[in-house]
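*Asks:* Here's the letter readout for the chains.
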Amino acid sequence: MGGSGGGEPTSSGGSQFGGPGEVLGCGSLEFQAALMSPIPTVASTVAIGTDCEILLEGTPPQLVVYVRRSGEQLGAITERMMILMRCIGAGFAYEAEVITTAPIRLYVRPRNPYLLGLPFTAVLSDVPAGAMLTAGDDFDLRLDSGGKVVAVDIFGSDIGRIRAEPVALADAVRGGTARRATVHDPAVPTVIVTR
Amino acid sequence: MGVTVIGGSYRETCREPSIDRLLGSGMRAAATLADLGHDTQLVTCIDDDTSDELSAVAHTLGIRVAAHTRAEPVTFAYDTPLHHPNTYGTSAASPLHAADSAVLGFGMVETQWSADASVLVIDPQHASVADLLQRCSAGRTAIVLNEHEARRITGEHDLTAAAQALLAAPANVVVVKQGAVGGLIASADGVEAFGAHATDLVEPLGSGDAFSAGFAHAWALNDADPATAARFGSKVAAAHSLAGSPQVTQSLHCLDDPLPYPTGQWPRVYLAGPFFDLAQRTLIHVVRHALLQIGVEVFSPLHDVGRGGDEVAVADLDGLAGCHSVLALLDGADPGTVFEVGWATREGIPVIGFADSVDDHGWTMIRGTGSRVVSDLASAVYSAAWAAMRRAAST
Numbered sequence: 001m002g003g004s005g006g007g008e009p010t011s012s013g014g015s016q017f018g019g020p021g022e023v024l025g026c027g028s029l030e031f032q033a034a035l036m037s038p039i040p041t042v043a044s045t046v047a048i049g050t051d052c053e054i055l056l057e058g059t060p061p062q063l064v065v066y067v068r069r070s071g072e073q074l075g076a077i078t079e080r081m082m083i084l085m086r087c088i089g090a091g092f093a094y095e096a097e098v099i100t101t102a103p104i105r106l107y108v109r110p111r112n113p114y115l116l117g118l119p120f121t122a123v124l125s126d127v128p129a130g131a132m133l134t135a136g137d138d139f140d141l142r143l144d145s146g147g148k149v150v151a152v153d154i155f156g157s158d159i160g161r162i163r164a165e166p167v168a169l170a171d172a173v174r175g176g177t178a179r180r181a182t183v184h185d186p187a188v189p190t191v192i193v194t195r
Numbered sequence: 001m002g003v004t005v006i007g008g009s010y011r012e013t014c015r016e017p018s019i020d021r022l023l024g025s026g027m028r029a030a031a032t033l034a035d036l037g038h039d040t041q042l043v044t045c046i047d048d049d050t051s052d053e054l055s056a057v058a059h060t061l062g063i064r065v066a067a068h069t070r071a072e073p074v075t076f077a078y079d080t081p082l083h084h085p086n087t088y089g090t091s092a093a094s095p096l097h098a099a100d101s102a103v104l105g106f107g108m109v110e111t112q113w114s115a116d117a118s119v120l121v122i123d124p125q126h127a128s129v130a131d132l133l134q135r136c137s138a139g140r141t142a143i144v145l146n147e148h149e150a151r152r153i154t155g156e157h158d159l160t161a162a163a164q165a166l167l168a169a170p171a172n173v174v175v176v177k178q179g180a181v182g183g184l185i186a187s188a189d190g191v192e193a194f195g196a197h198a199t200d201l202v203e204p205l206g207s208g209d210a211f212s213a214g215f216a217h218a219w220a221l222n223d224a225d226p227a228t229a230a231r232f233g234s235k236v237a238a239a240h241s242l243a244g245s246p247q248v249t250q251s252l253h254c255l256d257d258p259l260p261y262p263t264g265q266w267p268r269v270y271l272a273g274p275f276f277d278l279a280q281r282t283l284i285h286v287v288r289h290a291l292l293q294i295g296v297e298v299f300s301p302l303h304d305v306g307r308g309g310d311e312v313a314v315a316d317l318d319g320l321a322g323c324h325s326v327l328a329l330l331d332g333a334d335p336g337t338v339f340e341v342g343w344a345t346r347e348g349i350p351v352i353g354f355a356d357s358v359d360d361h362g363w364t365m366i367r368g369t370g371s372r373v374v375s376d377l378a379s380a381v382y383s384a385a386w387a388a389m390r391r392a393a394s395t
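Line order of the protein sequences matches chains F and X. Here the first sequence is numbered in the UniProt record's numbering, starting from 1 and rising by one per residue. Here the second sequence is numbered in the UniProt record's numbering, starting from 1 and rising by one per residue.
Read the hints as simulated data drawn from the structure, not as lab findings.
In silico contact screen, one side only, chain F against chain X (beta carbon under 8 Å); selected entries: (1) Phe-31; (2) Met-36; (3) Ser-37; (4) Pro-38; (5) Pro-60; (6) Pro-61; (7) Gln-62; (8) Ala-76; (9) Thr-78; (10) Arg-80; (11) Met-81; (12) Met-82; (13) Ala-102; (14) Pro-103; (15) Arg-105.
Sample of chain F residues lacking proximity to chain X, with all beta carbon distances greater than 10 Å (derived): (16) Ala-93; (17) Pro-110; (18) Leu-116; (19) Leu-118; (20) Asp-138; (21) Arg-180; (22) Thr-194.
In this text the structure is predicted, and so the values were computed from the model without any measurement. All residues carry an ideal CB built from backbone N, CA and C; glycine is no exception.
Use the sequences and the hints to build the structure in full.
*Replies:* Right, dumping it as structure tokens:
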């Protein structure tokens, strides 16, 4: 059984994973939730123990669940929606672990920050039609307006997205510790993310 | 095919297990119908504090919403899913109206509603069926309700008589749900029974709403006959219960065939557990009430024999011999309870154990002789009922 994280968050303040007196309850908010609107092709690939990320995005804002390793969208959750949205808005982050697969249920808990090991190999997706990738090509990494990681060429044009590790990699790009993507296998295509 | 659901969007909270979500009968049924492939509109009421959450949840669940204003939030707060909820927030809202070829409507706490439809399914909850029918216009009407509501509304204790009285309300179809047992369908063709689907996990909150959605999907939107529609409703309710989610399609394929509706001996559960202190007796009262509510008979030593000395042992075991399953409240490892579990096991009576820690070393002999020990109270209660149904049907 999942335990409630306690009281409502305060309306202001609170650094990420903040200490006492900052945002009430958010740091200990843990619970079970059913996965809503599962994406069948992704849902069929997860197993018990699969780590996921929870991102607040979309219009209206929703709690979208992504598979951490691949960055593929798995579905969404609606349990404790308002308190989670307030806590995320106050700087807290949450992750989820798959605890059952048929149907999929998740255990949601605060997400502790971790450093993504670099170099890091990832699939480049949403590559524009006609783009010619060659092994060794270097691209810069940036965040788009939605906070997602994109690889751009020297002209600033999007070459593709890196969906894997949607929180940790975005944090690394935001913090300047992940800056470049080098094409490793143009056929897939995969890139190696480095400083 | 399009459908309009008219009903409540309410916060549901529960202490054990911990639940906090915005659903309610209307929102839940709309989500189920959308998941079953229908373009679904929800006509509901919402307050300013909850409107953003309603939009977000509805978007996630694929529902179009026409929301009217109410003054304050409405919350149904449960201690466990087996308890009656406390309801907070009963502010009045203006009456609602729905017009569509197919409408599924639920009684609401904050307002009344009317509907014009070709096909109308009414789940009255606590609202007056007569008033609802008077305010609605429909080519065909079905009433879906549970056995306790049917008895309360009609004053008939016999469920067949209650269903027939509701049929004269008038309605084309009446479905009376009987919890873990299944239910009855009444129509011009007569009265027929259907069985329930057993699941290992049971989250009962809202499974009745899911039943109504499943019934509406089959009867109102796919022209299934009433019996087929009720069986599909039962299947959807079980899938909802298994998933703990109004989106049932991912669970429908996980279900076994339904259990047969009892026709001979009515299933009876022996409620084994200590009752030496107030907390223990409170749990016994709650579980006994829950078993009765979901449609099975109960032999409870506390209620049916009482406290006493050594003389109660034979009376207790006589009661146990007449039961089809045992629900054992194992926490504390009361010697009397463990004795009863062993006695039942030797007699071939199935045992379901409830314990906070299912892996506790103390339950080795119980688990090792084929009994199931579960930590979820609702799942334990329903599993005991279904075990009794299976044994009653085979003896």
